[in-house]
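Chemist: One gets our numbering by counting positions in the first sequence from 1 and adding 13 to each.
One thing to keep in mind: the hints can contain errors.
[Claimed, not checked] Here are the computed lysine-lysine pairs in the BS3-like style, where the Cα-Cα straight-line distance is at most 25 angstroms:
1) K181 to K48
2) K48 to K20
3) K135 to K226
4) K197 to K48
5) K114 to K135
6) K197 to K135
7) K135 to K78
[Said to hold, decoys possible] Estimated spans, in silico, between C-beta atoms of each pair:
8) E44 to S196: 32 to 42 angstroms
9) Q98 to E188: 25 to 35 angstroms
10) E110 to E41: 39 to 49 angstroms
Just so you know, these hints were derived from the structure itself, not from any lab. We put the CB at the ideal spot given by N, CA and C, even for glycine.
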Amino acid sequence: MNAEFRKARVLVGDAEASAELVRGRVIEAVERYGKFIVFRLAPSGYLLVHLGMTGKLLLDPTVRKHTHAIFTLSDGILQYEDSRQFGRVECREVLPERVTKLGPDALAVSSEDFVALVRGRKTRLKALLLNQEIVRGMGNIYADEALFRAGIHPLAMGARLTRARVRKLWEAMREVLTEAIASKGSSISDYVDAEGERGSFQESHRVYQRDGKPCVVCGAEIQRILVAQRGTHFCGVCQRR
DNA sequence: ATCGGTACCTGCACGC
DNA sequence: TGCGTGCAGGTACCGA
14 MNAEFRKARV LVGDAEASAE LVRGRVIEAV ERYGKFIVFR LAPSGYLLVH
64 LGMTGKLLLD PTVRKHTHAI FTLSDGILQY EDSRQFGRVE CREVLPERVT
114 KLGPDALAVS SEDFVALVRG RKTRLKALLL NQEIVRGMGN IYADEALFRA
164 GIHPLAMGAR LTRARVRKLW EAMREVLTEA IASKGSSISD YVDAEGERGS
214 FQESHRVYQR DGKPCVVCGA EIQRILVAQR GTHFCGVCQR R
């Protein structure tokens, strides 16, 4: 592959050194690590991509206003596009500690480990689920959806939940992520996958951005509050404090 | 250890 | 039509 970086802000590290690191290398595998997309390169090295809020990896050669990186592959062009520039691209010989220090993956963590992680924290459940150093892979949409399905209030404290309720949250988290992945994710405004396909899980959201609308279970009005500066949606009846 | 606030960006919906 | 405001799939950093 060959890489061209057009925007310093979205590249972690030096543009020249990054391009040199990936030059001539082959993509051996593409894996997910929490919210990171990891391209494992041969004979060595990694290309890491975090989409942030509006990042997209596209198999599309058209360079547009927000095209920040262009990867020339043996069979086509892959580009990184990101209007808000909150995402990041990084080329490294080894995975950076910022990434390796994250918690276990939300879809791989065992029920018992998850119970221990959650009950060991005094912080609010919503903030806990968004903290990638506790469990990696959950974002704002899926935190709200998982808490709703588990019937847990976003302001509830991890340390005060019974084991049974945390186990229920573990199940809800896996269920939500598995369904969302099967639906190719949630396209809130313009998210598309590498083939340009929108996701459809937004059609299955039960609380996220449904404030003011009736709860699908009890009919009560869905509430919106701020927790750790993030919009948080829940049903005050199904998710009691 | 954890929290609240701020900062970083662009684009869109909305009210006036 | 334009302008101001608030909001958005996320993370990092600061001081408390």
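Chemist: Would you mind confirming whether the straight-line C-alpha gap from K114 to K135 stays at or under 25 angstroms?
Modeler: 20 angstroms, holds
Chemist: With a cut-off of 25 angstroms on the C-alpha distance, tell me whether K197 and K48 pass.
Modeler: Status holds; Cα separation ~14 angstroms.
Chemist: When you take the CB atoms of E44 and S196, is the distance between them in 32 to 42 angstroms?
Modeler: 21 angstroms, violated
Chemist: Take a quick look at whether K197 and K135 sit within 25 angstroms of each other, Cα to Cα.
Modeler: At roughly 33 angstroms apart (the allowed maximum being 25 angstroms), K135 and K197 break the hint.
Chemist: Holds or violated: K48 with K20, Cα cutoff 25 angstroms?
Modeler: 21 angstroms, holds
Chemist: Between E110 and E41, is the Cβ distance one that fits in 39 to 49 angstroms?
Modeler: With a Cβ separation near 22 angstroms, E110 and E41 fall outside 39 to 49 angstroms, so the hint is violated.
Chemist: K135 and K226: Cα distance at most 25 angstroms?
Modeler: 31 angstroms, violated
Chemist: Is K181 within 25 angstroms of K48, Cα to Cα?
Modeler: It holds: about 23 angstroms lies between the C-alpha atoms, which stays within 25 angstroms.
Chemist: Please verify whether K135 and K78 have alpha carbons no more than 25 angstroms apart.
Modeler: 44 angstroms, violated
Chemist: In this structure, is the beta-carbon distance linking Q98 and E188 contained in 25 to 35 angstroms?
Modeler: The hinted range 25 to 35 angstroms holds for Q98 and E188, with Cβ atoms some 33 angstroms apart.
The structure fails hints 3, 6, 7, 8 and 10 (numbered hints given earlier, in ascending order).
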